[in-house]
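Visitor: Full structure from sequences and hints, please.
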Amino acid sequence: MTGNTVKVVSTPNSSSERLALYQQILAAGAGDIDVLQVDVVWPGILGTHFIDLKPYTQGAQDDHFQAIVENNTVDGELKAMPWFTDAGVLFYRKDLLEKYDRAVPTTWEEMAETARIVQKGEREAGDDDLWGYVFQARAYEGLTCNALEWIDSYGGEIVDAKGDVVVDSPEVIDAVTEAASWMKDMVPPGVLNYTEEESRGVFQSGNAVFMRNWPYAWALAQSDDSPIKGKVGVVALPKGGAEGKHTGVLGGWNLAVSKYSAHPEIAADLVMFLTSPEEQKRRAIEGSYNPTITDLYQDEEVLAAVPFFGDLYDTFENAVARPSGVTGEKYNRVSAAFWGKVHAALEGNEDPETAMSDLADELGAVKRRGW
Amino acid sequence: MQGSELTRAKVRSALVFLAPMLLALALAAGWPLGRTLWFAFTDATLTDTGSYAFVGFENFWNPDWGGLLEDANWWTAVGNTLYFTVLSVTLETILGVGIALALDVPFRGRAIVRAAVLIPWAIPTIVSAKMWGWMLHDQFGLINDLGMKLGLIDQPVAWMASSATALTAIVAVDVWKTTPFMALLVLAALQMLPRDIYEAARIDGIHPVRVFFRVTLPLIRPALMVAVIFRGLDALRAFDLMYAMTGNNESTMTMSVFARQQLVDFQDVGYGSAAAALLFVMVAVLTAAVLTLGRVRLTGGVR
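Taken in sequence, the protein lines are chains G and U.
Quick note on the working numbering: the first sequence kicks off at 967 and runs consecutively.
Quick note on the working numbering: the second sequence kicks off at 1366 and runs consecutively.
Derived by calculation from the structure, the hints in this document are not laboratory data.
Fair warning: there could be bad hints in the mix.
Label pairs and their in silico Cβ distance ranges [what the hints assert, rightly or not]:
hint: 1; chain 1: U; residue 1: F1505; chain 2: G; residue 2: K1225; range: 40 to 46 Å
hint: 2; chain 1: G; residue 1: D1280; chain 2: U; residue 2: G1399; range: 21 to 27 Å
hint: 3; chain 1: U; residue 1: A1649; chain 2: G; residue 2: G1294; range: 32 to 38 Å
All of these numbers come straight from a predicted model, not from anything done at the bench.
Note that CB positions come from ideal geometry on N, CA and C, so glycine has one too.
Guide: This is the structure in structure tokens:
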């Protein structure tokens, strides 16, 4: 017991909205909020407003995934402590796959085939509301995550490590073409305005065979009032064709202390408590939040509560990062242009090839302003 | 009259009484507007608000990365805004006049109906946007359910997801929300009209439709034009409905949503201010055009 009280401030669910709110609070130098929950792509954007946590950690960061610690380190200062990590995963309905005698898909093409077979079969049997696949395709950061997973699974990139725009490569076009083909017959048309919660709503009410989402959806799908309790499986996202690879975009949240806080020591203490092994373990078991502490992936109690953590350890550790490092402050602009063109391609307003070559031009103009 | 002591005293006291209002206006409207116009010519960003440089017209046009005038997204936003403004204001005006005419006729319970009509206008936009968002939802939405049951559509439509329907659906929500406001303004004008003209028209046996177009409409025109300009200005800077219902989707993005995205999401204060400045200029020009073409004097009456 420290005798300190923590007040939790509710912020918008959408990460784009939350970032905008933080920017307004921090740019004004307001000390109202001591501890902020920050996305993995934000340390580069918001880092100047956070204190260096190294004096408070006593080396605790060494137990966490090193990729995330490095991501959170700006100019040698640890701007945020990893709280939970995230990578996109594929949820599927075990019962429906068994009913139609389909294997768990390993490529996007197989996934689409199975989704179509099950959807057709169930609709003929009278379930008019069943869809093959749901994901996040609203014009927001979540679509960037989804689309980056497709193109990474085919071996493509938006911007390469040198900072060159490579989004008009054949791999990227193949990936976007495959995704656009799902829109025609196996995805609810409203998916173009869905975020995580809307797609979970459809999947959890039993109306979808497959869903791409973050691991948090597991605990909710398995809760007592869930109509699909016990019927859900989780695997790594499919490969892009037989030659592709399994991937997942690196997501996850970190905790940072505002430079404008009136009590930085107490705030840092709270961060260290929330990111401690005990607390991460509790959150893993109760909420299926992925720990960032590597040892917890061998913890029996954690694995009993969330069995897929063990199998997907590699996916979590090798998740594909969004190009926020190389594009720096321009990342949001890059991401918005990317999700905008992918949205247009999914909707069928532009064919994937034109959309991606337009995007390359647009990103080229952004790059000329410097990143 | 010009030099009379009394007139000068009147002018003096008028200035004294007006001074607080003018000062407040300068602080509340002039200062932010001036800052925005200044930032439009700089490369300021939100990350470091302290240091920025004057860059001239670079945010508007430059040979290097194009600028606002070459930004396809900006022109999409301009197109969306004009589409929204023309369609919503036209529909609201027609429906508003219709409702006002109905409410102008005495009937039992008229006071309650008049108050009830205002409810959509009284609901905060963000609340009605969320409410309509759920009603238009493709899986759980009331509108699709109703349409299916009545046989109007054979499968649920994702109103907010497709760019073909999203902006029109937003116009529909705006019409639902703002028609009462138009109706109220028109009703106020109708109630000022002398009743004896109508009596004369009735005795002469003139058809009511003819009476409306030859008598009512010309008489309420000044008030109607003010209401249309009011709504037009409001629609040109529309933000909340689009943003709450579809976020930063390009197919529904208005000029205000575009400017906000640049300013806040991209932290580009210079470029975002340039967009805001251009929005201001366009609104000013369009208002001046409507005032001239509509021969409206804001002080009342028709020239």
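Visitor: With reference to the structure, classify each hint as holding or not holding.
Guide: Hints and how they fare:
Under the hint 40 to 46 Å, the C-beta atoms of F1505 of chain U and K1225 of chain G, about 44 Å apart, fit the expected range. One distance hint, 21 to 27 Å for the beta-carbon pair D1280 of chain G and G1399 of chain U, is violated here, with the actual separation near 57 Å. A hinted range of 32 to 38 Å holds for the C-beta pair A1649 of chain U and G1294 of chain G, which are about 37 Å apart.
The structure fails hint 2 only (numbered hints given earlier).
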